[in-house]
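Numbered by numbering that gives the first Met the number 0, the letters in the sequence shown go through residues 0 to 344 in order.
It is possible that some hints are incorrect.
Straight-line distance between alpha carbons at most 25 Å, and here's what the computed DSS-like set of lysine-lysine pairs gives [stated by the list, open to error]:
id	residue 1	residue 2
1	K321	K250
2	K250	K224
3	K321	K224
Ranges of calculated distance between the beta carbons of each label pair, as one might list FRET restraints [what the hints assert, rightly or not]:
id	residue 1	residue 2	range
4	Q116	D142	19 to 29 Å
5	P180	E105	32 to 42 Å
6	T178	N61	35 to 45 Å
7	P118	G286	12 to 22 Å
8	N132	A223	22 to 32 Å
9	N211	A181	19 to 29 Å
10	D142	V99	17 to 27 Å
11	T72	V207	21 to 31 Å
12	D214	T274	16 to 26 Å
13	S139	G90	47 to 57 Å
Honestly, the hints are just simulated from the structure, not real lab data.
Please read all numbers here as calculations on a predicted model, not as lab measurements.
All residues carry an ideal CB built from backbone N, CA and C; glycine is no exception.
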Amino acid sequence: MGDETSAGNETFYSEQFVTNLIEVNNGETSYEIHANGSNTFDVKDNGQVIGTIEAFSSDSTNLPLNSGVLEPTDNVTEDSSASVIFKLKQGNTVVETVSVPVVFDETAPTAPTVTGQSPAFNDDVLNSDEAGNDQVVRVSFTDAEIGDLLELSAADNDGDTIETVLTEDDISNGYVDVTIPADTYDNNDDDNTVNIDATLYDQANNSVSASNTYDVGIDLTGAAKSRIETNADTTGNDDTAYEAGETITIKFDSKVEASNISIDDLGLNNGDWDTSTVAADDEDTNGYATSFTVTLADDGDGSNGTLNIPASGDTITIDASKVVDEAGNEASGSITFDIADISGS
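Working from the sequences, and respecting the hints, build out all of it.
Given below as structure tokens:
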């Protein structure tokens, strides 16, 4: 707020722009200073004219002000400056003068950097639960200023952007955390990638190329069964039952967390596994696998394994909560594998 000045019985107030300057980009062609299309306009109190304000440029050659519009010429150079001067008059008496600097700025800020901030971004993939909730990314910058505009694009199919005006705290921190709403991902198909980037605009509307592109995968579908394989000797001592040492292998169509699959998690609809064991066949360094093999063991009671003569319809069922893929999705429902019938019936 500018100085308060009295003239006669009236009191006038002057107020400069919020930043106390007008910042323009020389690449633009014109800037409106006020809306009434004139360099002189009235000050009214309850409909009565109590004074006038006249606006003019301190450099009428390179920065002419015509009918309330600044029109900088091509001769204006970087960092040169002029002022728009506002004179508050009562009658012919000037009771207040406000000079607002005009700074010519063609230097764009340095490109920002985008990183994931929410724990959901730790693996750079959003599963169905994570994509259904708001997530936070952090945009870092080095030479931004208070009032600069940050525009974040999450590259959803609607082309929407999220705009944030930087505050004093943001500048002090060197970053701003931006929340991306869950509905951003509504239009992205499963197994797609969301490209998140940010553009920084200074108050002269200069901008740099966008930040790095932070790619986030979208995986909304859990693993499903692929097939079951058996290795049974039908010519041995008992060709009507699975015997100790023989194997049953179950396979999923994508990697699942190996530590979740124990022998106790493989539910038989007929009998139990006794001392049989299960192991992942292709576990990677992150602990995920697609194939698991059960090795049948004789429990010592002479039954040669734990499965009695399999009849058509014997199955292995795994609860959905035990089948968790690399993105963290659980299977859509319990998964059932049909065990091959070797009874000969």
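Within a Cα-Cα threshold of 25 Å, do K321 and K224 meet the stated pairing?
This hinted pair holds, its Cα atoms lying about 13 Å apart.
Cβ-Cβ distance between P180 and E105: within 32 to 42 Å?
Cβ of P180 to Cβ of E105: about 35 Å, so the range 32 to 42 Å holds.
Has the given pair, K321 with K250, been kept, meaning a C-alpha gap of at most 25 Å?
Given pair K321, K250 holds - Cα atoms ~14 Å apart, limit 25 Å.
Is it true that T178 and N61 lie within 35 to 45 Å of each other by Cβ?
Given about 44 Å between the Cβ atoms, the range holds.
CB of N132 to CB of A223, is that within 22 to 32 Å?
Holds, since N132 and A223 (Cβ atoms, about 24 Å apart) stay within the stated range.
Can you tell me whether the CB distance of D214 to T274 sits inside 16 to 26 Å?
For T274 against D214, whose Cβ atoms are near 47 Å apart, the range 16 to 26 Å is violated.
Is the gap between the beta carbons of Q116 and D142 within 19 to 29 Å?
At roughly 22 Å between Cβ atoms, D142 and Q116 fall inside 19 to 29 Å, so the hint holds.
Indicate whether the distance between the beta carbons of D142 and V99 respects the range 17 to 27 Å.
holds, 24 Å
Has the given pair, K250 with K224, been kept, meaning a C-alpha gap of at most 25 Å?
Within the cut-off at roughly 6 Å; holds.
Take the C-beta atom of S139 and the C-beta atom of G90, compute their distance, and say whether it sits inside 47 to 57 Å.
Given about 55 Å between the Cβ atoms, the range holds.
Could one say that the CB atoms of P118 and G286 fall in the range 12 to 22 Å?
Holds: the Cβ-Cβ distance is about 18 Å, inside 12 to 22 Å.
Go ahead and decide if the range 21 to 31 Å is satisfied by the Cβ distance of T72 to V207.
holds, 26 Å
Of the numbered hints listed earlier, the single one contradicted by the structure is hint 12.
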